[in-house]
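The task is simple: from the sequences and hints, build the whole structure.
Protein sequences appear in the order of chains U and G.
Going by my numbering, the first residue of the first sequence is number 1, and it counts up by one from there.
Going by my numbering, the first residue of the second sequence is number 1, and it counts up by one from there.
Please note that the accuracy of each hint is not assured.
Calculated lysine to aspartate or glutamate pairs in the EDC-like style (CA-CA distance at most 20 angstroms, straight line) [unchecked claim]:
id, chain 1, residue 1, chain 2, residue 2
1, U, Lys90, G, Glu230
2, U, Lys114, G, Asp4
3, G, Lys444, G, Glu399
4, G, Lys640, G, Asp524
5, G, Lys444, G, Glu542
6, G, Lys587, G, Glu625
7, U, Lys66, G, Glu206
8, G, Lys476, G, Asp495
9, U, Lys75, G, Glu204
10, U, Lys114, G, Asp524
11, U, Lys114, G, Glu181
12, U, Lys91, G, Glu75
13, U, Lys91, U, Asp34
14, U, Lys75, G, Asp235
15, U, Lys91, G, Asp524
Keep in mind the hints are simulated off the structure, nothing from the lab.
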Amino acid sequence: MAASILAVDDSASMRQMVSFTLKGAGYDVVEASDGVEALNIAKTRSVNLVITDVNMPNMDGISLIKELRNLPNYKFTPLLMLTTESGADKKQQGKAAGATGWIVKPFNPEQLLKTVSKVIS
Amino acid sequence: MSIDMAQFHQVFFEESFEGLDVMENGLLNMDSGEVDPEEINSIFRAAHSIKGGSGTFGFTNVSEFTHVMETLLDEMRDGRRPVTQEAVNVLLASVDVLRDMLTAAQGGETPDEERVAAQRAELDRVLSGGAADADSPPQAASGSASDAPAADLQPVGWKVVFRPHTHLMRTGNDPLRIIRELAELGALEAECDTSELPALNEFEPEDCYLSWDLRLNEPVAKEAIDEIFEWVEDDCDFAIVPVMPEGYDPQAQAAPEAAAEARAPAEEPAPAEPELKVVEPAPERRSGADRRKQDRRKPAARKPAAGGSSIRVDTGKIDSLINMVGELVITQSMLGMLGEDFSMDKLARLREGLGQLERHTRELQESVMQIRMLPISFTFSRFPRLVHDLSQKLGKQIELKMTGENTEVDKTVIEKIGDPLVHLVRNSVDHGIEMPEERIAAGKPETGTVHLSAEHRGGNIVIEITDDGKGLARDKILQKGIERGLVSEDDNLTDKQIYDLIFQPGFSTAEQVSDVSGRGVGMDVVRRNINELGGSIEIESEQGRGSTITIRLPLTLAILDGQTICVGDEIYIVPLGSIIESIQVRKDMLRRVAGKGETFRLREEYLPIVRMAEVFGVENPRAREIEDGIVVVVEAGGSKCGLFVDGLLGQQQVVIKSLEANYGRVEGISGATILGDGSVALIMDIPGVIRLSQQDGSSEPTELSMTA
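Spelled out as structure tokens, the structure:
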């Protein structure tokens with residue numbers, strides 16, 4: 001079975017781009033538009049990787065990572081955040097919350113796939 | 001794998017424009033006093049999304065510009081900068097510039113760079129002026145290029161000391177993965193240090209006890225290795241030390257360990273073998289990541305934006321559509337079975353099936369029409385900004401109230417009603433609402449109110465613009481009307497007829513032509529635009545109390561409830577909405593008024609008669625005498641008249657086909673439709689027909705004013 005990825009972003013175009021790219025590479029992709037939605041999905045099914053935006057309404061990416069990392073099923077799951085180049089402190093906050101790593105925006109599909117292949121084999 | 005990013009552009013633009021609206025509304029709300037943190041947050045998020053998306057999809061200029069806005073917003077969000085009126089105004093203006101940039105990008109054009117630069121300078125000025133920290137973040141475009149000093153000598157490989165902290169795996173990282181990645185760069189020798197492994201009874205399976213000494217025999221750039229460790233640099237101790245080729249003079253270079261040590265406080269790198277020298281890394285080569293960054297910065301070749309507008313549809317609407325199509329398919333298969341061995345005794349079932357087919361078709365049609373329906377808030381949303389800007393400019397205090405923003409209207413109506421509404425709201429703000437002093441003197445509250453409302457009434461949508469200003473100057477309008485020769489002094493006009501004069505071409509009473517409104521073009525154009533949408537507009541006003549402008553529009557423009565009429569051999573469709581009644585007129589009700597053509601008396605009014613056969617040049621109409629045919633009383637633009645036709649045929653819904661697109665524009669005809677028997681029928685444009693009849697009959701422009 002293909003590895004499943006939860007893509008979280010409030011921006012539909014980014015979400016589509018991420019999802020389209022990953023699906024094209026054969027991954028099974030679930031989408032969520034904010035942290036609350038993502039957390040609900042993560043609780044009801046298991047995914048192999050979470051890629052989340054940081055700035056989102058309702059629950060932001062950092063809180064989502066914190067919540068996910070506390071779930072027993074997500075103790076070791078790679079959690080990646082999408083962040084901007086100016087977000088050095090965001091990276092630190094993300095790390096502190098339990099993020100595995102980050103993908104720096106803007107990125108292109110090739111970079112995304114490369115990063116994803118790093119964390120799920 | 002190559003992915004065409006252009007496929008995401010449409011969505012990106014749509015959501016960016018939505019984001020701009022969010023920003024604008026948010027900024028306008030901030031404007032009115034206290035600052036809600038969630039408000040700033042949502043503005044920030046919108047800016048952030050636009051920045052992220054534009055960077056990803058190759059609109060670098062947009063992303064750079066948004067970055068500056070975002071920085072300012074970020075400081076406001078963190079409370080490092082007070083929210084001043086000035087900053088809000090600059091941000092509002094920046095939203096406008098950004099909108100233009102996005103529009104230009106969408107059309108594959110270049111934005112007005114001067115304007116962009118000027119606005120950016122404004123932003124920078126605000127940024128540098130405020131109380132915020134002086135941390136000027138890097139420009140969006142200037143990526144993190146290698147800042148390592150250049151050196152002449154290339155290392156032949158790298159030694160990497162990697163000591164994960166025990167919690168490393170709980171961040172979702174995996175030492176094995178990192179080592180594997182290193183191995184992808186070139187031949188890797190790995191030595192595992194198991195000395196930290198505890199006794200089995202103390203062993204925590206989730207902890208990491210191992211560490212590694214790695215040697216990469218490949219002269220890759222140091223950045224490539226750094227990149228691999230980027231995510232874990234705080235979760236491990238690691239050191240990267242270059243392995244230099246033979247013959248290298250260590251004296252020429254600065255102490256190497258210093259740099260490496262910074263990251264590896266725990267571990268002294270293993271001493272280099274005698275023939276190898278260790279040196280401050282200085283790769284000429286750029287890492288793959290850097291090259292990619294370069295490529296990425298080149299915006300993708302701009303394709304002209306894919307034409308055709310799109311529409312966002314509630315999935316509920318689509319579900320009901322699919323449901324309906326399902327029903328239709330069932331009915332169709334039922335009818336098909338019935339047709340296979342049909343005999344007269346199955347007639348009842350056939351009828352029933354046809355009835356179902358009709359019902360489902362109608363439901364399907366309604367559902368499809370629903371898809372085109374959008375809330376009028378799409379149009380209304382621009383007014384808070386407009387009123388805010390105008391009232392600031394004019395020094396007036398105005399509150400804009402909006403109700404019924406969720407009223408749904410056809411997309412075409414939404415697109416076309418915008419400009420007329422802007423004109424009317426501007427008029428209300430400019431001419432209607434008085435200056436604060438004037439208002440106080442008149443015993444009114446200092447702040448004027450403009451109320452924009454929308455609601456469904458019958459088959460129409462009614463939009464009202466109400467203000468509590470000074471109302472229309474009845475006498476001034478009348479006087480001007482007389483000056484312009486639109487009416488004569490002895491015409492006994494009702495107030496409504498006088499107010500209607502402002503819709504005449506070239507009529508403006510503004511004492512001073514301001515740059516806000518009142519250039520003397522306008523109200524007639526407004527009326528024409530609304531008529532073109534099949535709607536009507538009227539004004540009520542009370543001096544000193546304000547005025548109300550009422551616009552009535554059909555809900556949809558694609559389908560029309562029509563009355564089919566015949567004239568000679570021709571069949572025409574009259575929009576049902578414009579018909580008041582249909583009557584037979586006796587000869588003795590007719591009156592010929594000198595210069596005003598043929599009229600008839602209907603209750604208290606005299607209405608002109610328009611003979612359709614004459615207007616459309618139909619040969620051999622069956623009814624020549626008024627008693628042989630039927631008079632259809634129609635109303636348009638506040639005027640009534642009677643259309644004289646041969647007879648009424650029936651009422652039916654017709655699908656409007658554009659005559660203009662398929663043939664050409666014909667005065668008095670708004671479109672065509674195809675009837676059940678396959679023939680084409682023309683749909684009458686009632687205001688146009690009235691105009692036509694005026695040109696044919698008398699040239700006196702006031703002919704219809706008496707009938708209003």
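Okay, the hints, checked on the actual structure:
{"no.": "1", "hint": "Lys90/U - Glu230/G", "verdict": "holds (14 angstroms)"}
{"no.": "2", "hint": "Lys114/U - Asp4/G", "verdict": "holds (17 angstroms)"}
{"no.": "3", "hint": "Lys444/G - Glu399/G", "verdict": "holds (14 angstroms)"}
{"no.": "4", "hint": "Lys640/G - Asp524/G", "verdict": "holds (18 angstroms)"}
{"no.": "5", "hint": "Lys444/G - Glu542/G", "verdict": "holds (14 angstroms)"}
{"no.": "6", "hint": "Lys587/G - Glu625/G", "verdict": "holds (8 angstroms)"}
{"no.": "7", "hint": "Lys66/U - Glu206/G", "verdict": "holds (18 angstroms)"}
{"no.": "8", "hint": "Lys476/G - Asp495/G", "verdict": "holds (12 angstroms)"}
{"no.": "9", "hint": "Lys75/U - Glu204/G", "verdict": "holds (15 angstroms)"}
{"no.": "10", "hint": "Lys114/U - Asp524/G", "verdict": "violated (62 angstroms)"}
{"no.": "11", "hint": "Lys114/U - Glu181/G", "verdict": "holds (11 angstroms)"}
{"no.": "12", "hint": "Lys91/U - Glu75/G", "verdict": "holds (18 angstroms)"}
{"no.": "13", "hint": "Lys91/U - Asp34/U", "verdict": "holds (19 angstroms)"}
{"no.": "14", "hint": "Lys75/U - Asp235/G", "verdict": "holds (16 angstroms)"}
{"no.": "15", "hint": "Lys91/U - Asp524/G", "verdict": "violated (59 angstroms)"}
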